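Make the full structure from the sequences, and use the hints.
There are 2 protein chains.
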Amino acid sequence: MLELSTTSLTIVGVIAGIAIVALVIAVLLRRQVLAADTGSPRMQEIAGAIEEGAQAFLRRQFRTLGIFAVIVFGLLFLLPADPEVKIGRAIAFLFGAGFSAAIGYLGMSLAVRANVRVAAVASKPDGRRIGAGIAFRTGGVVGMGVVGLGLLGAAGVVLVYRGDAPAVLEGFGFGAALLAMFMRVGGGIFTKAADVGADLVGKVEQGIPEDDPRNAATIADNVGDNVGDCAGMAADLFESYAVVLVASLILGRAAMGEQGLILPLIVTAVGAVVAALGVVITKVRGSESGLTAINRGFYVSAVVGVLLAAIATLVYLPTTFGAIQGVSEDLADHPGNPQLVVIAAVAIGVVLAGVILWLTGYYTGTTSGPTRHVASTSRTGAATVVLSGIGVGFSSAVYTAGIIAAAICGVFLIAGGNVWLALFLVALAGCGLLTTVGVIVAMDTFGPISDNAQGVAEMSGEVDEAGAQVLTDLDAVGNTTKAITKGIAIATAVLAATALFGSYADAVTTALEEIGDAGAATADGVVAAMVSYDIVSPITLVGVILGGATVFLFSGLAIDAVTRAAGAIVFEVRRQFREMPGIMTGKERPDYARVVDMCTKDSLRELATPGLLAAFAPIAVGFGLGVGPLAGFLAGTIGAGVLMAVFLANSGGAWDNAKKIVEDGHYGGKGSEAHEATIIGDTVGDPFKDTAGPAINPLIKVMNLVSLLIAPAVVQLSVPADANHGLRIGIALAAAAIALLAVLASRRRAGKVDTAEDIDNAIATEAAGS
Amino acid sequence: MLELSTTSLTIVGVIAGIAIVALVIAVLLRRQVLAADTGSPRMQEIAGAIEEGAQAFLRRQFRTLGIFAVIVFGLLFLLPADPEVKIGRAIAFLFGAGFSAAIGYLGMSLAVRANVRVAAVASKPDGRRIGAGIAFRTGGVVGMGVVGLGLLGAAGVVLVYRGDAPAVLEGFGFGAALLAMFMRVGGGIFTKAADVGADLVGKVEQGIPEDDPRNAATIADNVGDNVGDCAGMAADLFESYAVVLVASLILGRAAMGEQGLILPLIVTAVGAVVAALGVVITKVRGSESGLTAINRGFYVSAVVGVLLAAIATLVYLPTTFGAIQGVSEDLADHPGNPQLVVIAAVAIGVVLAGVILWLTGYYTGTTSGPTRHVASTSRTGAATVVLSGIGVGFSSAVYTAGIIAAAICGVFLIAGGNVWLALFLVALAGCGLLTTVGVIVAMDTFGPISDNAQGVAEMSGEVDEAGAQVLTDLDAVGNTTKAITKGIAIATAVLAATALFGSYADAVTTALEEIGDAGAATADGVVAAMVSYDIVSPITLVGVILGGATVFLFSGLAIDAVTRAAGAIVFEVRRQFREMPGIMTGKERPDYARVVDMCTKDSLRELATPGLLAAFAPIAVGFGLGVGPLAGFLAGTIGAGVLMAVFLANSGGAWDNAKKIVEDGHYGGKGSEAHEATIIGDTVGDPFKDTAGPAINPLIKVMNLVSLLIAPAVVQLSVPADANHGLRIGIALAAAAIALLAVLASRRRAGKVDTAEDIDNAIATEAAGS
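Heads up: the protein sequence lines correspond to chains U and L, in order. Just so you know, we're using full-length UniProt numbering here: the first sequence kicks off at 1 and counts up by one. Just so you know, we're using full-length UniProt numbering here: the second sequence kicks off at 1 and counts up by one.
No wet-lab data here; the hints were simulated from the structure. Since we're looking at a predicted model, the values are computed, not measured. Please note that a few of the clues may not be correct.
[To be verified] Covered by chain U, per the in silico footprint, the following chain L stretches (three or more residues, Cβ under 8 Å):
| hint | region |
| --- | --- |
| 1 | 83-94 |
| 2 | 394-404 |
| 3 | 410-418 |
| 4 | 534-541 |
| 5 | 642-655 |
| 6 | 683-691 |
Just so you know, even glycine gets a beta-carbon here, dropped at the ideal spot from N, CA and C.
Structural data, given as structure tokens:
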């Protein structure tokens with residue numbers, strides 16, 4: 001085990017202390033939120049039903065995912081590694097997964113109590129300010145939790161495993177990413193099945209408002225906001241945080257030895273301090289909108305973050321690379337000043353976060369051009385709304401991807417073209433970007449809470465018109481903040497994945513060196529192509545195509561799962577309206593629990609397919625085609641992933657807010673044909689922005705980490721002269737078969753509902769019933 | 001100049017003869033079509049109006065594109081090359097562009113006469129069989145024209161330039177691809193602006209049927225079928241043909257010397273013979289559907305094609321690589337049998353065409369699961385129709401991309417991992433795929449003609465119900481064949497682009513060798529990264545991201561252009577209904593010409609932006625980041641391009657046929673809510689499948705060929721120690737600025753229509769008017 005100096009250990013100890021302070025702040029903020037007025041008994045009853053549904057879903061989801069986690073825990077022991085690292089990595093995997101689950105649970109459990117409190121204050125004087133405060137503070141709890149647990153995990157591993165920490169941390173990041181991906185997919189399917197189902201019958205068919213208590217899917221819809229947009233998102237951001245840290249530590253150690261290992265922890269600890277500051281200073285002043293306050297909080301904490309990180313770097317690093325102990329050979333005579341280089345990279349990350357914040361706000365905000373353009377196309381019907389939203393999504397994806405690409409190029413130039421330094425700096429830019437994560441999480445949590453508060457208010461019927469308008473405004477802010485968080489999350493994914501590429505190449509090189517001359521040097525023909533990163537080699541290009549295809553397939557599966565599950569909800573809600581005529585007159589209460597239960601079952605069943613695809617696609621490509629094409633595969637997933645994720649998130653956000661523009665009285669206002677057109681747009685956008693889009697972020701990381709973990713095994717089975725190609729191809733085929741069977745199984749489920757006879761029967765039954 | 005043997009020249013002479021025979025067959029088929037009954041005076045009047053509009057559009061389009069072509073002709077002289085090659089390449093560019101335009105014009109000019117003939121026979125006894133025959137034969141003319149002109153061009157260049165032919169042919173392929181891209185985009189915007197505009201006012205607002213003569217946009221809609229789906233498609237397939245041939249000849253010469261140069265011409269000449277056979281044997285028998293006959297024609301010609309190509313290869317090639325004169329050094333001791341290797345590659349190409357044919361038919365046909373599933377989701381409204389169509393599009397894209405990837409892997413294994421041989425074989429697989437191009441073009445042309453025939457019949461009111469049903473059936477077949485052609489075209493794009501990658505790498509290597517030790521060998525830092533193909537290098541990855549982004553931006557621009565242009569048509573058609581109340585009662589004739597004129601102007605204005613983007617994005621990336629990232633860029637465009645193209649084509653095809661399923665009486669039939677939902681889906685799909693999707697195919701090739709052409713210049717400006725980095729960065733910035741300004745200009749056009757006041761004014765005007 002590589003030992004660390006006492007200074008380093010002291011610093012890491014202090015950082016662990018900062019992490020614990022962050023967690024204490026989270027507890028204090030939580031108390032503040034819970035101290036607020038809890039509203040009328042009717043409101044509490046509704047909020048109680050939502051809380052119950054959310055708890056039940058998460059419990060069942062954790063049970064399902066627990067099984068997955070145990071299997072993966074076992075599989076980790078099959079991969080070649082140093083025994084001590086192997087055990088540490090597997091245990092760290094469990095911690096990563098556990099923390100990811102815990103932060104999701106924490107977020108959800110507070111959000112379901114905050115919603116009723118926001119609803120309760122809405123009609124009171126100064127309700128907008130206080131409501132926004134409660135919602136934002138709840139987000140603050142989650143934000144401080146993310147920062148605290150992430151930092152604590154990383155610092156803990158470093159304290160225990162010292163120099164071996166990077167390899168062990170791979171497990172931590174993998175656990176966090178895997179669990180977050182499942183929570184994003186499962187929660188995303190739940191929330192949108194309920195939302196789409198509720199809207200299709202309620203708004204479109206029966207013409208009753210959103211969150212009307214006569215709609216049987218309305219409680220499920222509100223449960224969904226908490227399990228998807230809140231728990232899933234919190235886990236997702238935790239995972240982003242963990243994976244960026246992991247990548248930075250691995251690359252830091254490779255580039256700058258011990259100081260490179262500690263530096264990312266310092267930058268991230270600065271982020272924890274900044275997050276606390278951001279959460280405390282973000283307050284709505286006077287009549288300004290919630291978004292203005294949030295933006296101010298973000299920009300202030302971004303500037304403070306850069307300053308603090310700069311000071312810390314100036315203190316911690318020497319002025320020449322040669323003076324850094326354990327610096328890598330090719331960096332020793334690098335002409336740059338490591339202090340300035342690191343500060344510039346961190347600053348690029350922070351600026352990137354700011355630009356994405358602005359750009360996403362521009363594309364999805366209710367006051368800016370693109371969303372107003374989408375709203376204006378409602379005059380020519382739903383088709384043009386869908387088309388213009390897709391156009392907005394495409395362009396916003398391109399500009400976001402372009403800006404991320406520009407940031408990477410900037411970092412690369414700062415590194416003077418030294419690839420290893422560049423990779424470390426990309427990871428540090430990710431750390432810089434994440435210094436603002438506390439505020440970001442708080443912003444995001446704002447969305448589901450204000451959405452829920454609106455639901456509680458509408459269902460209880462106890463909030464007056466002014467109060468309802470307050471909640472509508474908060475909800476519109478929530479739509480934009482949710483889109484912004486997704487943009488930032490995907491930016492971290494690209495930076496982390498780019499950096500992890502370096503770790504991947506390093507793992508491959510190490511594995512090839514172990515084989516020695518007998519393997520790598522004499523490889524030719526097919527084997528040479530299997531280890532070639534050359535993008536002009538046909539099978540590397542095949543890897544790129546397959547990587548992009550995996551992103552498309554994953555997105556399609558997630559969207560299909562929502563369409564299917566929502567269809568089932570539609571039939572159930574229709575059935576309740578038909579069989580219980582008292583519902584419409586308000587005399588009978590719909591069976592909310594049954595819809596919640598259906599959503600729970602469907603989403604847990606549906607999450608397996610995309611999950612298995614993400615885990616097994618890189619295994620099939622890696623063992624089947626080699627480490628070179630697997631690198632191409634990862635490049636394809638990053639390229640297609642960032643574009644698809646932003647496209648899905650922003651088109652969805654634009655549709656949602658275009659609907660709000662029409663509801664504010666434009667183009668005919670509520671109940672007009674234009675309104676109906678925007679409702680269709682919004683419904684199309686639902687699974688885009690809340691199921692498929694956000695799940696791509698953890699997807700990219702899961703596939704990267706799986707590739708990193710299997711790389712040595714792939715090399716061992718493909719390169720040596722006596723390589724076991726039979727076993728290699730067997731593993732590839734088995735992995736491909738598992739992924740394919742999972743996809744076919746989900747198709748079969750679709751087929752079951754949709755054979756021609758079933759459809760005709762369903763129609764006949766419905767016709768007979770009505 | 002490398003001389004060719006007399007044997008080779010004789011073979012090429014014979015091939016040129018075959019090309020001329022193919023053209024003669026096209027003339028004969030054309031006479032057969034024109035000999036058919038031309039219908040009633042009313043029908044002829046309508047067809048005349050369509051013809052006039054189509055001619056006017058193409059004339060104006062060619063005038064615009066002529067200016068572009070002349071500018072590019074001049075720019076080609078700025079690029080470094082041997083003077084003789086430079087002149088030849090520029091002239092070949094003009095020929096490629098001219099042939100592309102000619103084939104588009106030829107297809108359109110016959111299609112506008114065939115439509116009325118198909119409409120005229122529909123009500124007659126045996127109308128289905130005869131109508132399908134006329135439509136298919138018209139396609140045959142275009143198919144033979146594509147094959148004849150493509151082969152004639154390639155053979156002609158080889159006869160004149162002998163061994164220098166490959167470099168000169170780059171110009172030929174580039175001209176064909178550039179013109180085809182513009183024709184695809186311009187025609188695609190025209191056709192869908194008219195179609196969407198007509199549907200939105202006609203079907204959705206006024207509730208009148210498609211092609212109702214009271215709709216002012218109906219003539220424009222039919223003109224669009226001819227200029228977009230027919231002329232644009234014909235140019236596109238010609239371009240595919242030309243570029244695959246170019247890639248094969250370049251790589252063939254590199255791998256196998258003279259015989260490698262001639263072999264692709266032989267395989268393609270076999271394709272010409274097979275195409276003639278396919279067109280002649282494809283006849284509808286008894287009561288079978290048009291699709292069955294077309295499929296039979298395809299499969300028969302595919303099998304015959306493989307057999308003939310195999311015989312030709314066995315005769316032409318020796319049994320060992322060593323026996324091939326001028327074989328490349330690393331291939332000389334390759335253990336395989338070149339005959340078998342080549343036959344296997346060609347067979348893989350043909351099989352790939354067959355699989356794509358089947359797969360696309362499965363995903364978009366009216367009788368198979370996916371489209372029926374989309375139709376069934378109409379029971380829950382437009383949103384679920386849109387979502388399920390997107391799901392179908394995503395999965396079909398993944399499977400199509402997966403199969404193309406599998407074909408490349410297969411070829412790679414056959415080549416025993418020898419990269420150069422593999423690249424040549426990929427190109428040969430493309431030639432194999434294109435042996436079926438004659439039948440494919442005929443299949444595709446079927447679509448717009450039957451669509452138009454339906455239009456003529458509806459407008460004239462002179463076709464009885466049975467005849468209308470015949471035309472509806474033919475139109476549904478057309479929807480599927482159109483989707484199939486797009487699948488095949490994109491497969492050729494991937495194969496051609498993969499192969500061109502090899503030419504690209506070769507061009508870079510040659511340029512680096514010319515610089516010698518002073519440059520490449522000593523390059524380090526940033527410059528080393530600029531010439532690195534390593535996918536794990538951050539800026540190569542940036543290239544991949546930017547490549548994918550370009551595809552997304554291009555797609556978004558094309559879709560936005562249609563949304564904008566269609567919006568203008570909607571307001572115009574509404575205005576005519578309002579100001580000329582006699583239209584609705586049939587007493588007044590709408591002003592068809594004005595709508596045609598608007599579509600013409602709008603589409604010609606809108607085509608510039610995507611065109612400039614395609615041409616200048618690779619220039620910006622190449623000069624800005626270097627040849628390595630440019631390779632990453634190309635990989636990104638191929639990966640994202642194939643997925644996006646198939647997604648757009650197949651989701652559009654599925655929506656179109658889902659609408660047909662409902663119109664056939666399912667889920668409530670015509671006029672039901674389900675019908676309205678599928679109309680919305682179909683309208684969303686219109687710009688997907690007929691504007692953005694098909695234009696991606698030439699886009700990929702244009703970007704590849706631009707990169708190939710600029711590669712030596714990029715190397716000269718970036719690698720040598722005294723490289724002019726100022727000029728390099730200046731060129732990159734200028735190219736980026738041109739692309740960006742073009743995009744912003746199109747946004748400004750959007751902005752002009754959509755400022756808040758304009759919208760409010762527009763609404764006020766309309767409200768006052770109605």
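Please check whether the region 410-418 of chain L has three or more residues whose CB lies within less than 8 Å of a CB on chain U.
holds (count 6)
Count the residues of the region 683-691 of chain L with a beta-carbon closer than 8 Å to any beta-carbon of chain U: does the count reach three?
Result for this restraint: holds, n = 3.
Can you tell me if the region 534-541 of chain L counts as covered by chain U, using C-beta to C-beta distances under 8 Å and a minimum of three residues?
As far as the region 534-541 of chain L goes, the hint holds, because 8 residues have Cβ atoms under 8 Å from chain U.
Between the region 642-655 of chain L and chain U, see if three or more residues pass the 8 Å beta-carbon test, and mark the coverage as holds or violated.
Result for this restraint: holds, n = 3.
Using a Cβ cutoff of 8 Å, are there at least 3 residues of the region 394-404 of chain L near chain U, or does the coverage claim fail?
Per the Cβ count (7), the hint holds.
Quick check: the region 83-94 of chain L, covered by chain U? Criterion 3+ residues, Cβ under 8 Å.
violated (count 0)
In summary, the structure is inconsistent with hint 1 from the numbered list given earlier, while agreeing with all the others.
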